[in-house]
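Residue numbers (numbering that gives the first Met the number 0), protein chains in the order written: chain G, 0 to 292; chain L, 0 to 512; chain S, 0 to 322.
Since the hints were derived computationally from the structure, they do not count as laboratory data. Think of the CB as a built atom: it goes at the ideal place given N, C-alpha and C, for glycine as much as any other residue. Each hint should be verified, as a subset may be incorrect.
DEER-style ranges, computed between Cβ atoms [to be verified]:
{"hint": "1", "chain 1": "S", "residue 1": "Asp89", "chain 2": "G", "residue 2": "Ile51", "range": "16 to 24 Å"}
{"hint": "2", "chain 1": "L", "residue 1": "Lys441", "chain 2": "G", "residue 2": "Tyr79", "range": "30 to 38 Å"}
{"hint": "3", "chain 1": "G", "residue 1": "Glu163", "chain 2": "S", "residue 2": "Ala216", "range": "16 to 24 Å"}
{"hint": "4", "chain 1": "S", "residue 1": "Thr133", "chain 2": "G", "residue 2": "Lys9", "range": "22 to 30 Å"}
{"hint": "5", "chain 1": "S", "residue 1": "Phe94", "chain 2": "G", "residue 2": "Val273", "range": "37 to 45 Å"}
As a plain string of letters, each chain reads:
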Amino acid sequence: MRKWNSTGGKIFDCLNYVILILFAVCTVLPFIYIIAGSFATDAELRSRAFFIIPKTISMDAYEYIFSNGSLVRSLGVSVYVTIIGTLVNMFFTMTMAYPLSRRDLRGRNKILGLVIFSMLFGGGMIPTYMVVKGLGLLDTYWALMIPGAISAFNLIIVKNFFQELPKELEDAARIDGCNELGVLWRIYLPLSKPILATFSLFYAVGHWNDFTAALLYINSPEKWPLQVILRQVVALSQNVVAAGDRLDPNFVEPPAQTVKMATIAVGTVPILLVYPFLQKYFTKGVLLGSVKS
Amino acid sequence: MKLMKRALPVVVSSLLVAGITAGCSNNEAASTKSKKGGESDSNKPLDITIMMPSFDQELADENSTVVKKLEEETNTDIHLRWTPNDTYPDKFSITLASGDLPDIMVSASSYVKAAQSGEFWDVGKYIDDYPNLKKLNPIIRQNASINGTLYGIPRIRALGRNGIMIRKDWLDKLGLQEPKTTDDLYKILVAFKNDDPDGNGKDDTYGMTVSQFSGPWDNIQTWFGVPNEWGVEKGKLKPYFEFPEYQEALDYFKKLFDEGLINKDFAAMPPSKWYDDIQNNKAGVIVDVVDSAHRIEKELDKLEFGENSTAEQQEQKTFMTALGGVADPDGKKHYLPTSGFSNLLLIPKPAVKTEAELKRVLKFIDQTNNQENQRLLFHGIEGKQYTLDGNGYVVATTDKTVLKDLQDLNQFQTFIPEDLTIKPQQTPLREKEAEIQKENEKYVVGNPAAGLISETYSRMGAQLDQIIDDARIKYISGQIDKAGLKAAIEQWKSQGGDQVTKEMNQLYSKTKK
Amino acid sequence: MKDASSSLEAMSEPALIVKPNKRSALFQSLKRDKWLYLLVAPGLLYFLLFKYLPMWGVLIAFQDYQPFLGFWHSEWVGLDNFKFFFQSPDFLRLFKNTLILSFLNLVLVFPLPIIVALMLNELKNALVKRGIQTLIYVPHFISMVVVTSMTYVFFTTSGGYINEIVKNVTGHTIPFLTDPQWFRPLIIIQTVWQTTGWSTIIILAALTGVNAELYEAAMMDGAGRWRQLWHITLPAIRSTIVILLILKLGHFLDNGFEHIYLMSNSLNRSVADVFDTYVYYIGLTSGQFSFATAVGLFKSIISIILVLGANKLAKKFGEEGLY
């Protein structure tokens with residue numbers, strides 16, 4: 000690692016630590032408050048503007064959420080859609096980004112133009128729905144994965160990363176008899192671990208947080224992902240909002256405010272746990288080692 | 000490359016499917032619908048598809064015992080198309096666009112244009128033939144119509160739901176009576192702020208809590224005699240804010256704000272925080288739907304007696320009282336009604352093709368309003384979803400697998416002529432709420448232009464309303480003065496308001512004839 | 000949907016344009032790069048199916064589109080929707096508000112993840128570095144509704160923490176939430192809080208591509224920290240930054256409807272109204288798909304001019320650009 004021993008360097012390092020730690024505290028405190036709030040009572044949430052440890056610990060909000068029979072199943076749906084969906088995303092994105100990173104490919108600019116144009120002009124909700132319907136994807140998990148199989152934004156950035164990889168390796172592989180698939184598989188992908196990790200994370204978080212696609216395309220409640228269920232849990236607990244439309248003879252009022260916070264905790268913590276596993280790939284360069292070997 | 004092997008066939012086959020099915024969407028509806036029985040086989044069960052919003056995830060399906068029972072009662076074969084309430088407006092548009100229409104669909108706000116173009120049956124012509132439907136409350140009927148035409152059966156809700164809720168114990172402590180007029184209310188608010196109603200020796204209370212939500216202002220100004228949306232002067236419609244009572248009400252609001260009787264930062268307060276202060280011993284008054292009273296009571300009970308206090312403990316003290324509203328300074332009562340309905344059951348013409356079919360569908364809707372069926376759809380089957388206790392109150396089962404058969408079926412209930420379901424056991428406060436809702440119907444101010452929709456308003460209405468609503472808040476907070484208020488009204492007029500008034504008056508004179 | 004399938008044909012042409020005299024050359028390159036074309040095919044198919052097949056939807060900007068009439072039977076109204084938009088008495092104010100917010104976003108929000116990533120890159124303690132990274136990306140998962148509601152709790156003049164501090168220092172409160180002057184700063188602060196950590200990830204990924212040998216060589220040459228940053232680190236991630244910037248311009252006029260909507264109120268609306276909220280209010284009353292599409296189209300055209308312009312500029316400075 001690089002070391003800086005001058006006074007200026009030390010001051011900089013100190014400042015750097017202080018600023019970053021302050022920033023980290025600012026970003027995480029509200030989240031801690033949400034977690035703490037999810038274990039508190041509604042009364043405490045109303046009376047204290049901010050706290051990290053609740054005075055009375057209450058599990059009511061979690062009991063209410065987990066009493067929902069669909070929650071565990073929907074968690075399974077979300078995990079499934081996130082994993083398979085991310086694989087689909089990565090497959091489509093990588094296979095398309097690689098040829099497009101080759102400057103000598105005929106028609107490359109036209110395809111890229113097509114991709115960029117599609118970022119700026121969209122047909123809107125109804126036409127897209129018609130396509131999904133026409134393909135027979137309605138009410139299948141594919142409807143949650145295929146219509147967003149490639150993010151043009153991610154594709155272009157991956158393409159750009161591929162372009163930056165040293166060409167010597169590729170040539171060496173070709174001399175060894177690899178075809179294009181081999182070059183992608185043996186050279187590009189292993190060298191792009193940070194990129195694979197980054198975009199897997201982007202796609203995975205996208206799938207995890209998505210509820211609009213499910214609301215539009217999935218009719219069977221047993222196929223709804225977690226986020227849809229959590230939204231409904233919140234909506235149901237806020238009786239004031241739904242009062243005009245929902246007439247539930249058996250309505251038992253849940254702690255509305257803490258339920259809101261607990262749904263955030265339930266919806267966020269599983270995907271947050273993914274990050275540390277992927278993180279090692281962003282922080283370490285892989286290029287050096289592989290170039291040498 | 001295993002993935003590729005698996006994904007390619009999917010992509011290729013999807014492409015083929017696209018070629019075949021794209022463009023056929025309009026034919027599908029036609030082919031599925033031909034099986035519908037006409038008059039000739041009227042003994043056969045009526046095949047009926049219903050699209051409606053859902054709130055839960057475990058929903059009644061076609062195997063539900065409750066649905067089966069209703070099918071027997073009404074001689075129908077019911078198919079349910081649930082759509083999460085969250086996305087209902089989108090799905091409504093998509094369903095119209097796809098052409099694959101159900102026989103009955105709950106409306107979304109965008110239905111007006113489609114209705115005016117003849118997409119749905121004009122049921123107003125027919126409902127007088129049905130024993131229940133013909134008793135539809137005329138005010139609600141007018142509210143639910145578009146320019147005099149009723150395009151669906153409204154789902155009835157309480158008309159007089161609005162009211163005012165006050166801390167009873169604070170009133171008692173300060174020796175005050177429930178307010179009768181707006182002046183009384185003002186005095187109470189002053190006392191709640193200055194006279195330490197919670198007796199803790201600290202200056203930590205204020206009068207009334209308000210938020211970004213405009214409801215309280217709309218309610219209170221109606222108490223002052225401001226018309227509901229439109230007023231009639233010399234046989235002509237005039238917007239409510241051009242009546243002198245409006246200025247009177249606004250000055251009252253401003254006084255409340257200036258004297259700190261309402262929360263200063265209300266204009267920024269998200270509606271989700273609105274109830275915090277009254278449930279937290281900080282504010283003593285709130286104006287909203289009157290059935291909130293028992294919710295506030297429950298929170299205050301918890302605050303006073305602890306989270307797990309028993310019903311006996313909670314009955315020791317009553318915190319809240321509710322009123323339908325207060326009278327204007329002259330002692331007259333005018334309250335703001337709600338629309339009295341929540342969306343319509345529409346009957347699309349592409350699905351229900353002939354008058355004979357329509358009549359059978361209407362008969363079905365009428366039958367759902369029989370007392371027996373209302374209870375079936377609302378409570379389920381006795382002995383399964385609910386039992387009756389010694390006093391005849393409903394006790395619902397807690398068994399979720401049994402409740403599933405009932406879940407959200409009340410979404411196609413219209414409650415015409417009235418709600419005939421059995422009430423659960425009530426606290427005195429809840430009984431009072433129900434009384435107030437009934438009593439309020441005597442004092443509600445109808446909107447003379449209800450059900451009239453002007454072309455300009457349907458295009459710019461939200462924008463125009465906002466000019467006036469914003470000006471009201473700015474005036475209360477002191478950001479503008481009377482001249483600024485006037486300027487805002489001029490702006491409203493020039494940006495389309497005058498046009499709206501003109502169009503509304505044309506429509507109004509037409510329906511009057 | 001017939002138009003959609005024909006547009007599919009039309010769109011697939013440019014990718015494989017064939018001119019008779021170049022036929023053999025094309026064949027040659029097809030043969031040479033057959034694997035590459037095979038690889039690009041699924042993605043291309045995706046774009047044609049899910050992006051171009053529905054693109055007829057853009058045309059409803061020129062219609063009075065009614066879902067039940069469908070595309071074929073809805074009335075064509077020419078430029079009426081655009082006229083309604085441009086002639087709206089609020090247009091100039093909306094445009095100004097939109098531009099100012101977009102500009103602030105570009106200037107203040109966009110560079111921050113780069114700076115934070117570079118700062119993180121200078122941290123020596125790997126544990127601290129990872130810890131900070133994990134913490135700063137958490138806000139991405141908190142919905143805007145919750146963010147704005149917490150903002151109220153912190154900034155309200157009725158007992159909000161920030162205002163309590165302000166009161167103790169200055170003796171009076173500041174109406175952060177209702178004063179139009181404070182609207183934009185609050186929006187920017189919230190955006191920075193919510194997006195910076197998340198956007199840092201992509202820069203960090205780019206930083207892993209920096210060849211460590213270069214640093215070693217620079218150290219031996221006695222290059223200091225700033226020179227290394229300037230001559231090694233920044234050039235290595237420059238092309239990523241340029242791409243991100245160009246792509247960001249593609250959404251230049253998107254202010255985030257939900258965010259603005261939740262933060263605006265009667266007292267600050269003079270600066271809070273932007274295109275996105277305007278479309279919402281106009282569409283609200285009657286489900287005006289056509290009007291929303293027309294405004295979207297207007298924004299898209301501005302975006303495409305910005306993207307192409309920026310791309311050209313980037314190329315002038317020797318960057319690769321988007322393509």
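Results for each hint:
1. Taking 16 to 24 Å as the suggested C-beta distance range, the pair Asp89 of chain S and Ile51 of chain G does not conform, at roughly 44 Å.
2. A C-beta distance of roughly 57 Å is found between Lys441 of chain L and Tyr79 of chain G, which places it outside the suggested range of 30 to 38 Å.
3. The hinted range of 16 to 24 Å is satisfied by Glu163 of chain G and Ala216 of chain S, whose Cβ atoms lie roughly 19 Å apart.
4. Our hint of 22 to 30 Å for Thr133 of chain S and Lys9 of chain G holds, since their Cβ atoms are close to 26 Å apart.
5. One distance hint, 37 to 45 Å for the beta-carbon pair Phe94 of chain S and Val273 of chain G, holds here, with the actual separation near 41 Å.
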